[in-house]
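Student: This is what each chain is made of:
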Amino acid sequence: MSTQDFLVFYLSVLAVIVVCRCVPLFALKGRALSPRVTEALGLIPVAAFAALVANDLFDPASGLSVPGLLASVVVVAMARRTGSLIGCALVGMGAYALLGMI
Amino acid sequence: MRVLKVLRTALPVALPIMLGYVAIGIPCGVMAAEVGVGPAAAFLVSATFYSGAGQFMMSSLALAGTPVASMVASVALVSTRQLLYSAALSPYLARAPKPLAALFAATVTDESFGVNLDRFASGEGWEVSSATAVNLASMFSWAAANALGAAVGPALAIPTTIMSFAMTSIFVCLLAGQRWDLTNVLVAAVAIVGVFALKALGAGSLAVLLGALLGILAGLLLGSFKRRGSA
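Each protein sequence line maps, in turn, to chains A and B. Residue 36 in my numbering sits at position 36 of the first sequence, and the numbers go up by one each step. Residue 250 in my numbering sits at position 148 of the second sequence, and the numbers go up by one each step.
This is chain B alone, in the form it adopts within the complex (with noise of 0.2 Å):
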């Protein structure tokens, strides 16, 4: 009964993320395919990666005959914003069990730390149980859509770049919901001319968490400033 109701309450909340998921996990599994990764294998790598971008990266770099060490070293670095997310999320699970926190730790992405610390910062009750099911149900999603892909492979002619836009717009919603005071605009302000910068200076898998950490200083040195500006 308990797990029923974790399920009523988290399933909706996950839906959204669950489609977007179907969407672009298809077309990861048809790339995965095209190097040799079978559907019981796309599952598998899909639900203990559980990284859309370190997942095409994967494919994109094993077909250009990327030499193995290169290819851990870029999907690895891809993967650095987790810090910043692990972080966000902790003063939420500080009463969780040990083992329900590793688990949701585990399992979260992009996409369901927004919804998730949404739901947290509410201050409605948004309980770890129904976070660590909204993260299991999404990656349930996407690891049986790169399955289903990699089943399927490249028969299917997918427009990958208007599929993967659905995970774009779900950043752009959750980055709209945000509180938008001077603080804020600043930070995204910085974070996002830094992640050009970066990125045009070839900085590649690291961009997202270097611009991330600039618009956080900006943010802090901001507050810095007018915390002195009032005493």
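Isolated chain A (complex conformation) (with noise of 0.2 Å):
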């Protein structure tokens, strides 16, 4: 990759990340919204995190990742005893090898 096709592919896309993270917010920022954009804003969470999890598990090349389902539950039981994050991650690592390996 070269020095100037390095400097169009950055700029550009510095650009489209900057826009993305700073533009709704700001448009957004001490409005008065309705119910129904509150309402939306609520499930942004839960809609977000589910749909990065099930990108993580799914490759469609190969299929749903078995390793990563289980590994998958292993952390939920460990969020939901202890809520933890670094916990989760580290558990999540150890379960997903230990899975991988069978």
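Just so you know, the hints here were simulated from the structure itself, not pulled from any lab data. Among the hints, a few may not be true.
To be verified - Derived DEER-like restraints, expressed as beta-carbon distance ranges:
1) B:G138 to A:V73: 36 to 46 Å
2) B:P201 to A:S34: 27 to 37 Å
3) B:D283 to A:G94: 27 to 37 Å
4) B:L303 to A:V66: 21 to 31 Å
What the hints assert, rightly or not - Under 10 Å between C-beta atoms, here's a sample of chain A residues computed to sit facing chain B:
5) F9
6) L25
7) D59
To be verified - These stretches of chain B come out as covered by chain A in the derived footprint (C-beta under 8 Å, 3 or more residues):
8) 106–113
9) 118–127
10) 167–175
11) 232–245
12) 285–291
The beta carbon of each residue, even a glycine, is placed where N, CA and C say it ideally should be.
Bring the two chains, given one by one in their own frames, into a single complex with the hints.
Tutor: Have a look at this one:
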């Protein structure tokens, strides 16, 4: 990748990322939101995390990752028991590594 | 003193994210080195893009010889889910000064979004300054790990798939911590099935955003149905 290509790529993507991160926040910040918009905003965390987990566990080429799915069940148990993010990350990696060896 | 107080509050919250970012930031830097990105550039890119998925994608597309326009489109699309995070966080920044709100907004990631939103929604007075410190501490660990990975290069053999499961585990933990009523079960189920279907149909980078939007739409429809039923 040449320096010029890298700069074009870097500046173009940076502009898109900044717009995606900042524009909705400033467009909605301090405004009185309708009940429907508030309701939709409240649904974003569940929808986003579910979509991110699904994205990590499913690859169209290889299908659903069974070790990933089973390790996720272990992480859910850990999350319900402790709520610890770091505990979940460590247990998840350990479970995924062990299940991958089977 | 004020800065120290903010850091004392924010660092314990940021620590799980920081450790996860070190674990996957090093292999991300190793991949960046393979396409000629040095440690300083890796730090700069990581501190400004601050996008794990985008940066892994950048290296793999460059290694595959993908044209720059296609690379820009692919990495830009994977970043569009940030639109949802930005909108969801906006009510909590209503009274924040604009420069602080801009710094906070520009440094949100999947993981820091979840952690900060949990704190904001808990009603325990989580301040925007602390939330921004969580974002910046996480960003620094991500950028430093990328620079380290770019410095050591391919000499370091790291099981990337196992390391990256740390981030999946964080998403699972944040998902498991949500309030589980009928609406949220439906939203999650539709989002998951939506992502599976969209990826199978070749939606690629857009699957997360579109799947999440389908889940939100299903939740809104159920809410509307419930209101009609009780009217």
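Student: Taking the hints in turn, state whether each one holds.
Tutor: Taking the hints in turn, this is what the structure says about them:
For the pair B:G138 and A:V73, the beta carbons lie near 41 Å from each other, so the given range of 36 to 46 Å is met. Distance hint check for B:P201 and A:S34: the Cβ-Cβ separation is about 29 Å, which falls inside the suggested range of 27 to 37 Å. Against the hinted window of 27 to 37 Å, the Cβ-Cβ separation of B:D283 and A:G94 comes to about 32 Å, which satisfies the hint. The hinted window of 21 to 31 Å between B:L303 and A:V66 holds, with their beta carbons roughly 22 Å apart.
Hint status for A:F9 relative to chain B: holds, with the closest Cβ pair at about 5 Å, below 10 Å. The beta carbon of A:L25 comes within 4 Å of a beta carbon in chain B, closer than 10 Å, and the hint placing it at the interface holds. A distance limit of 10 Å between C-beta atoms decides the matter here; for A:D59 the minimum to chain B is near 8 Å, and the interface restraint holds. Counting residues of the stretch 106–113 of chain B whose beta-carbon sits less than 8 Å from any beta-carbon of chain A gives 0, not enough to reach three: the coverage restraint is violated.
Look at the stretch 118–127 of chain B against chain A: 5 of its residues bring a Cβ nearer than 8 Å to a Cβ of that chain, three or more, so the hint holds. Proximity of the stretch 167–175 of chain B to chain A, defined as three or more residues with a beta carbon under 8 Å from a beta carbon of that chain, is established by the 3 residues found. Only residues whose C-beta sits within less than 8 Å of a C-beta in chain A count toward coverage, and the stretch 232–245 of chain B has 0 of them, not enough to reach three; the restraint is violated. With 5 residues carrying a beta carbon less than 8 Å from a beta carbon of chain A, the stretch 285–291 of chain B meets the three-residue requirement, and the given coverage holds.
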